[in-house]
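Number of protein chains: 2
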Amino acid sequence: MARKTYALGLDFGTNSVRALVADVQTGREAGTGISEYKKGKQGIILDSQNTHVARQHPRDWINSMQEATKQALGQAGRNIKTFFPENIIGIGVDTTGSTPLPLDKKGKPLAEHPEFKNNLDAMAWLWKDHSAYAEAREITDLAQKIRPHYLDKCGGVYSSEWFFSKILHCLRKSPQVFRAAHTWAECSDYIPAVLTGRQAPETMPRNICAAGHKAMYNDMWGGLPDEKFLARLDPRMAELKARLYQKAVPVNKLAGLLTGQWAKRLGLPERTPVAVGAMDAHLGAVGAGIRPGTLVKIIGTSTCDMMVAGMRKEIPDIPGLCGIVPHSILPGYHGLEAGQSAVGDIFNWFVSCLSPCGMGHTELTRLAKKLKPGKSGLLALDWNNGNRTVLADHRLTGLIMGQTLHTRPEEIYRALIEATAFGAKIIINRFEEYGMKVNQVINCGGISEKNDLLLQIYADVIGRPMKIASSSQTCALGACMAAAAAAGTKNGGHPSLVAAQKAMGGTRDKVFHPIPENKKIYRRLFQLYRDLHDGFGGVGKTGFSKIMKELLDIKESI
Amino acid sequence: MARKTYALGLDFGTNSVRALVADVQTGREAGTGISEYKKGKQGIILDSQNTHVARQHPRDWINSMQEATKQALGQAGRNIKTFFPENIIGIGVDTTGSTPLPLDKKGKPLAEHPEFKNNLDAMAWLWKDHSAYAEAREITDLAQKIRPHYLDKCGGVYSSEWFFSKILHCLRKSPQVFRAAHTWAECSDYIPAVLTGRQAPETMPRNICAAGHKAMYNDMWGGLPDEKFLARLDPRMAELKARLYQKAVPVNKLAGLLTGQWAKRLGLPERTPVAVGAMDAHLGAVGAGIRPGTLVKIIGTSTCDMMVAGMRKEIPDIPGLCGIVPHSILPGYHGLEAGQSAVGDIFNWFVSCLSPCGMGHTELTRLAKKLKPGKSGLLALDWNNGNRTVLADHRLTGLIMGQTLHTRPEEIYRALIEATAFGAKIIINRFEEYGMKVNQVINCGGISEKNDLLLQIYADVIGRPMKIASSSQTCALGACMAAAAAAGTKNGGHPSLVAAQKAMGGTRDKVFHPIPENKKIYRRLFQLYRDLHDGFGGVGKTGFSKIMKELLDIKESI
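From first to last, the protein sequence lines stand for chains F and P. Residue 56 is where the first sequence starts when you use this note's numbering, and the numbers rise one by one after that. Residue 56 is where the second sequence starts when you use this note's numbering, and the numbers rise one by one after that.
Keep in mind the hints are simulated off the structure, nothing from the lab. Please note that a few of the clues may not be correct.
When chains are identical, the list treats them as one kind, so a pair holds in a single copy or across two.
As the list claims (entries may be wrong) - Taking lysine-lysine and the DSS-like style, the derived pairs with C-alpha atoms no more than 27 Å apart in a straight line are:
| id | residue 1 | residue 2 |
| --- | --- | --- |
| 1 | Lys574 | Lys604 |
| 2 | Lys430 | Lys183 |
| 3 | Lys96 | Lys505 |
| 4 | Lys430 | Lys604 |
Quick caveat: nothing in here was measured; it's all calculated off a predicted structure.
All chains, full assembly: derive it from the sequences and hints.
Shown next, in the form of structure tokens:
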């Protein structure tokens, strides 16, 4: 019998690092660990003067990685008699993104330099930082004018959350930080570089997932945006380009081998293979079993809706998608990313901000389950945080209609869930309208495990069975799969990421099937949702879209 | 010095009778009394099988009238040394309406007959009873076809709350009650008839206020709807017409003189003049100081917006108004009634049904006061109970838009108040579009006294000063004015209702003036409100109105 092998997946989230030790042959969990970041508010460093700011300190990543790994290895050792750290054949890394941080010439974070110790702009700019909203608009405007093809691959709008917006904003706001920064790296590049001793910018492996989805990297135009384009933003941005990278690679590639120092710190063998990093949602999709024809929905505070498509046939530019990037999810396939900018966040808003009748999610869910579709007369738009796909417009807001003098909180709660389901259906329809057939839907993420009501509504609204990934940690599991693929068969791993998925992934037995009578009513309600969506979203010609915009104009003018 | 004289106003509300003794020279309150009805739920007799049903027992009226009068006279005697019941020179009566009840040949309520003791259909059909919704549609359809002018005076739609809808429904549902009923009377006719011994149907004085606004009575077509029209509904309705009435008279006329029996029961002199009755909102408008150019807003769970216009110039049929009836408010003037179907009810819904963060009206008002107009980005429609004026469509529902993930309960609360203010402005605009200049707005009713925030928002939105009637019981005060006018100068009263108003009415010193910067923002928000209003209300051609209708269709089909 072959030696039993394991992989270590490290999942760098918004508030913590999770570590997972998984059996390379079956994907079964051997041990897990979690370590919350220590700095700021749950690991997020805020600026009381500017609510757009959200930063992280790279030292938090390092410390939590060490702690979570120790926990996971310890648990694996206790769970499985035959487990030893020496059985770990590879390490995979997924992180939030775009979360860039400025580095010096040696690849050391500026945040570790004494002179920038308390400078928020020298830290990592967390994905949800929106301080660069003006620069995002500037980049979008410029690209629309002179490089429209740059935008075609990222949904038509360059976001304030992304790589170049943040760097340009740093240049403007903290020129001393920008000057001191030799280069910038994504968290998903920085961690594998640290583990493999390839922090020096000229040797640092860069991942195509963050590059393609967040930095307009594409082989079609030779990598990152061209110098002329960057120079139009600022000549110093063009100069920076040479100190960034020429080439980005997919997640099944080796980033390098674990250094002696890090082997000691983590308690693992030296020279353990470390895979190139990727963003969490993308490895989450891998962990959930993404393949052509399968849509993976990662449902949390927001959603990511991921698909892949073979590279032989050309993929059209699908309007409203957040990104279409070769190799970004599965090597050898186009990775397609869509998403809803708020799902769980909307339910949390209703419960936390409004606290209706003092009820929490459990009680509201219990009551909402008893309601029949359509019976409340309510209809809502799921735009409390704008709309990512297909409208790609963050300047949209929530709406609820149909209230009477008897409307109950659980009716509103259910209407909000239904609204997110309608939004999900719009995304699936968009994929299919552009020839991306959806044969199955696999859900993952916290809400999909906990909320039967939501999955049943999704099945009824979308009109398809809703499956659930077997792992409750699909991101870390995806990282384990990447580790197994990067390690390769010679190390007891897998020949490819797809092979790793087949061996290590799967879905649960419980599937939510559409209930025919509900499906019928939701088909009618969806027509009405679409009328609202198109009318207020500016797709139709009704002029209703100007109402939302003008409300925001007024709000912002006060 | 002339003898000091007083009037007694009796205000028959939904849950109680209020009695007011007021100084005829100054309108000052001498004493008040209130007596809640004893039967049913706060005086409303419900049917657990049919939520549309809302009835009252006429005995409740009689008992509470006696009790409230005793209290008011007692209080007046204690307050004012020179007061004696002999100083009461007249009695005025206002009641809810349309609240018809079936009577036998002698004018005795069928509800007092042993065989109908527990029959809800033999009781008074309270204004808010909606069981006759199908008959209302039938009457509206028929009138549209063969007597469109009947509808022109009552807003284009005959309501399920009104006289003939209720009687026709009784005929269909309880033919034995309909057969036993010699005639039907409004509460506002029944009470003065009882007090003056003119209960016998052939002698019973009928008031033009209820007749004109609720029973399509108009001198233009010779009184009540013609027999042919009624026969098309049912031949028995045409037969009933002869047993109803030929002539209705205004509130400054004498209904008769107090009988000896009732003089004893109330502790008042025999042969005290009793004025013809009227509906509460109409005498409320009188009590608040209505005159040409003055709009009186009675703000409670819903609103009534009342105006009067001289009869010399012809009043156009104003689309969407609830009623345009000669002499219905002030004799010698057209009485015009508009209204919003829910105002306080919407705020109560938000607080009671949603109970956001456990906050009540006081706390929400305190927080909402701190907000700046437009800053929440919210906009709402005030249609949780349909729209009375100007759309005259009860099949409309509430809407709120502009929510983010940070929207707070007090922002929603304020947006709901603003929505009712926008709705109020639409009504004022409609009056003025049809040549009814509004020179001042006087508010009365519970909310206008208690809620400074609301009045300030109304001033800012409507762009005019908001005055408040000095009396907090304008309906009962209006009834006192009617009593003083009906008694006339020879009895120490007033020569006319207008003279009584001048002597006995007034507004408070505190006036809410528009704040210029708020007014500016609300002007922009009102444009958006109007877009929503016209779009969802079906005025525009956007097709959005079908969304609300279809939602209701679905709701009602389940």
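Quick rundown of the hints versus the structure:
1. Lys574 to Lys604: Answer is between: at 20 Å across copies they meet the 27 Å cutoff, but 33 Å inside does not.
2. Lys430 to Lys183: Only across copies: Lys430 and Lys183 sit 24 Å apart there, 37 Å inside one copy, limit 27 Å.
3. Lys96 to Lys505: So Lys96 and Lys505 pass the 27 Å test inside one copy only (26 Å; across, 43 Å).
4. Lys430 to Lys604: Between. Shortest inter-copy distance 14 Å satisfies the 27 Å Cα cut-off; intra-copy 31 Å does not.
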